[in-house]
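Kindly generate the complete structure, drawing on both the sequences and the hints.
Heads up: the sequence lines are chains A and B, in that order.
At position 268 of the first sequence (counting the first as 1) the number is 268 in the working numbering, and the numbers step up by one without a gap.
At position 54 of the second sequence (counting the first as 1) the number is 54 in the working numbering, and the numbers step up by one without a gap.
The hints are simulated quantities; they were obtained by calculation from the structure and are not laboratory data.
Note that the Cβ used here is the ideal one computed from N, Cα and C, for glycine as well.
A hint or two may mislead.
[As the list claims (entries may be wrong)] Only part of the chain A face toward chain B is listed, based on derived beta-carbon distances under 10 Å:
(1) Thr43
(2) Ala251
(3) Glu358
The residues making up each chain are set out below.
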Amino acid sequence: MKRIAVFFGGISPEHDVSVISGMQVMDALDPSSYDVIPVYIATSGQWYTDPTLRQRETYLPSAEQFANMRKVSLDLSRAGKPRLLTTEKKLFGSQEASIEFDVAVLVFHGLIGEDGNIQGVFETANVPYTGMRTKASAITMDKVATKRIIDEAGVPILDYRVIPRPRRGLIVTPEELQAQIGDFDFPCCVKPNHLGSSIGVARVENVEELSEVLPEIFAFDDTALLEPFVENLVEMNVAVKRSGGDVVTSAIERPKFSDELLDFKDKYMSGSGGKTGQKGGAKTPGQSSEGMLSLTRELNPELGDKDQLIRDMAAKVFEQLDGSGAPRLDFISNGETGEIWFNELNPIPGSFGFFLWEAAAKPVLFAELLDELIAEAIELHAGRQLPKDPTPEAARLFNKR
Amino acid sequence: MNYSADDISFDSLGAGDKDFLIFWAHGWGHNKKAFSQVAESLQGVADSILIDLPGFGDSPKPESVWGVDEYASSICSFVDERSKGKKAIWVGHSFGGSVGVGLAGSFPETLDGLVLVASAGLRTERPLAQRVKVWIRVRTFKLLKRIFNLLGRDTDSLYAKFGSPDYKQSGEMRQILVRTLNQDLSAAAQKISCPTVIIYGEKDTATPPAVGQRYSTLIDNSEFVVLDTLDHYTLLSTGRHQVAKRIKQLIEGL
Numbered sequence: 001m002k003r004i005a006v007f008f009g010g011i012s013p014e015h016d017v018s019v020i021s022g023m024q025v026m027d028a029l030d031p032s033s034y035d036v037i038p039v040y041i042a043t044s045g046q047w048y049t050d051p052t053l054r055q056r057e058t059y060l061p062s063a064e065q066f067a068n069m070r071k072v073s074l075d076l077s078r079a080g081k082p083r084l085l086t087t088e089k090k091l092f093g094s095q096e097a098s099i100e101f102d103v104a105v106l107v108f109h110g111l112i113g114e115d116g117n118i119q120g121v122f123e124t125a126n127v128p129y130t131g132m133r134t135k136a137s138a139i140t141m142d143k144v145a146t147k148r149i150i151d152e153a154g155v156p157i158l159d160y161r162v163i164p165r166p167r168r169g170l171i172v173t174p175e176e177l178q179a180q181i182g183d184f185d186f187p188c189c190v191k192p193n194h195l196g197s198s199i200g201v202a203r204v205e206n207v208e209e210l211s212e213v214l215p216e217i218f219a220f221d222d223t224a225l226l227e228p229f230v231e232n233l234v235e236m237n238v239a240v241k242r243s244g245g246d247v248v249t250s251a252i253e254r255p256k257f258s259d260e261l262l263d264f265k266d267k268y269m270s271g272s273g274g275k276t277g278q279k280g281g282a283k284t285p286g287q288s289s290e291g292m293l294s295l296t297r298e299l300n301p302e303l304g305d306k307d308q309l310i311r312d313m314a315a316k317v318f319e320q321l322d323g324s325g326a327p328r329l330d331f332i333s334n335g336e337t338g339e340i341w342f343n344e345l346n347p348i349p350g351s352f353g354f355f356l357w358e359a360a361a362k363p364v365l366f367a368e369l370l371d372e373l374i375a376e377a378i379e380l381h382a383g384r385q386l387p388k389d390p391t392p393e394a395a396r397l398f399n400k401r
Numbered sequence: 001m002n003y004s005a006d007d008i009s010f011d012s013l014g015a016g017d018k019d020f021l022i023f024w025a026h027g028w029g030h031n032k033k034a035f036s037q038v039a040e041s042l043q044g045v046a047d048s049i050l051i052d053l054p055g056f057g058d059s060p061k062p063e064s065v066w067g068v069d070e071y072a073s074s075i076c077s078f079v080d081e082r083s084k085g086k087k088a089i090w091v092g093h094s095f096g097g098s099v100g101v102g103l104a105g106s107f108p109e110t111l112d113g114l115v116l117v118a119s120a121g122l123r124t125e126r127p128l129a130q131r132v133k134v135w136i137r138v139r140t141f142k143l144l145k146r147i148f149n150l151l152g153r154d155t156d157s158l159y160a161k162f163g164s165p166d167y168k169q170s171g172e173m174r175q176i177l178v179r180t181l182n183q184d185l186s187a188a189a190q191k192i193s194c195p196t197v198i199i200y201g202e203k204d205t206a207t208p209p210a211v212g213q214r215y216s217t218l219i220d221n222s223e224f225v226v227l228d229t230l231d232h233y234t235l236l237s238t239g240r241h242q243v244a245k246r247i248k249q250l251i252e253g254l
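The structure is reproduced here in structure tokens:
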């Protein structure tokens, strides 16, 4: 029996989505192979563990339930097995205690958690963890950095301009903007450089409109990204992972998309809102109302020769970034001209994109996907171990330890 | 028995191009929606037919008081007709599992694989305390019923007070519920020859893992799995990924 610590929540705009994904992952971990230890990171930054963290009710608005929960932190000392540090209440006072585990499954969405920060913590603590490594996570959380690297691999990307947050305040005047973007054509699509889930994404017709929407982006992000607005937009997403020595792809999904861009709530709560626009790629299919999945997305759409093209591009991006885990890659296309561009990579897709793997040519169920990710975490960890004494002979300034 | 295969209401899932066809059968009081999420997970592996068992969902009620045998024979032609050229797997939850045991036991040619999820159909020895409790409850009920009858009073309120939730809600299906609940399917289980996976939830009180344990000793070619933390119903919701995984493993071995 392996002890699997599942980390979720986090200081991120996508905290709530991560809680849902975390609960789904805990349910999907095979109880005959694993003992599950839930580790919830609250928006305050406090880490907790408790069996009730597997239940939805625990997260209903009321902070009381967390008051008596065990607070934990990760032991960074690399001494022995991975472990969480905590305190145990004793008859008189309390005593230090630890909870050992074998592998960390990371179920964070957005910012700290998905951007390499948390990954770096687990590297430091020498703990096997699932998903992309620190470097790849950091790069993919930055859309501009990703574009530069993917461009090098020869995978088509949309042209872009970068608009940094001003040193002071959130407002950039149209005149300043004009100077920054030069002759970049409108209409454009503007988005935050780091955030996912369509937060802050807007279509703008001119430089004045751009100036108006930027403060909203700058409230959350230090950089905005400007791209040409793609007419007849068709989105196609596919997940990628390693299997043996090969890179394999999941089913392709085509989110059903209404004519305008949507905000976060439409994306995630289209089941309850009753708004007309519905965009798929929803992060929590398990929580959606019955039949929601097929309403919001089409799996394995008929794409002709584009199908293989997308899969090849996805595998190339994954390799270029030294990928691991099972990230989801999003492509966009002009439905009329047939042009396809790589749009972004989501290192930890909602629900781990399990429905994409279930519908793959060689189907992989959620429980099996987690088995694979855990095995990969152990393998990658083993491959990064240093000799017991990491100082080579030539670099030693003291006598042999 | 005037029930034809055409009377059975069902939903199909999948393009029909798979080598395997799964028949999903719900528990008492449920309908074809019960397994829809598990079936959806397995769409890449098998095509699916989600059944409304006779008397549930949109399938009409049997005209007489059926037992598990009648359910099995009414469904047999339905399964045979649809699974031509494919391997047929029956996945039954609770009462749907009982029907599967009847089907696989009486018509060994019909199924290539069987999955019993918290299946009913075997009486289990309850712990002493629970036996005493049930005995007292049953005696009290019977005594009150006699008194009510003597006084000429309606006994419905007694049924409502003493019956199980299934019993209370079963309405016109009540006699069928009583008959099927009282059946012991040991003999049918012993005749099962197809590969069988038996899945029970550790926290299940309606059909405790002991029932599955007994099925596994009765069915030769079987594998028994107990899933921690899950109960009679959560096997189909939060436990669905584990159930799907075991079904896929069964199919891969066929």
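We went through each hint and held it up to the structure:
{"no.": "1", "hint": "Thr43", "in the structure": "violated (25 Å)"}
{"no.": "2", "hint": "Ala251", "in the structure": "holds (8 Å)"}
{"no.": "3", "hint": "Glu358", "in the structure": "holds (5 Å)"}
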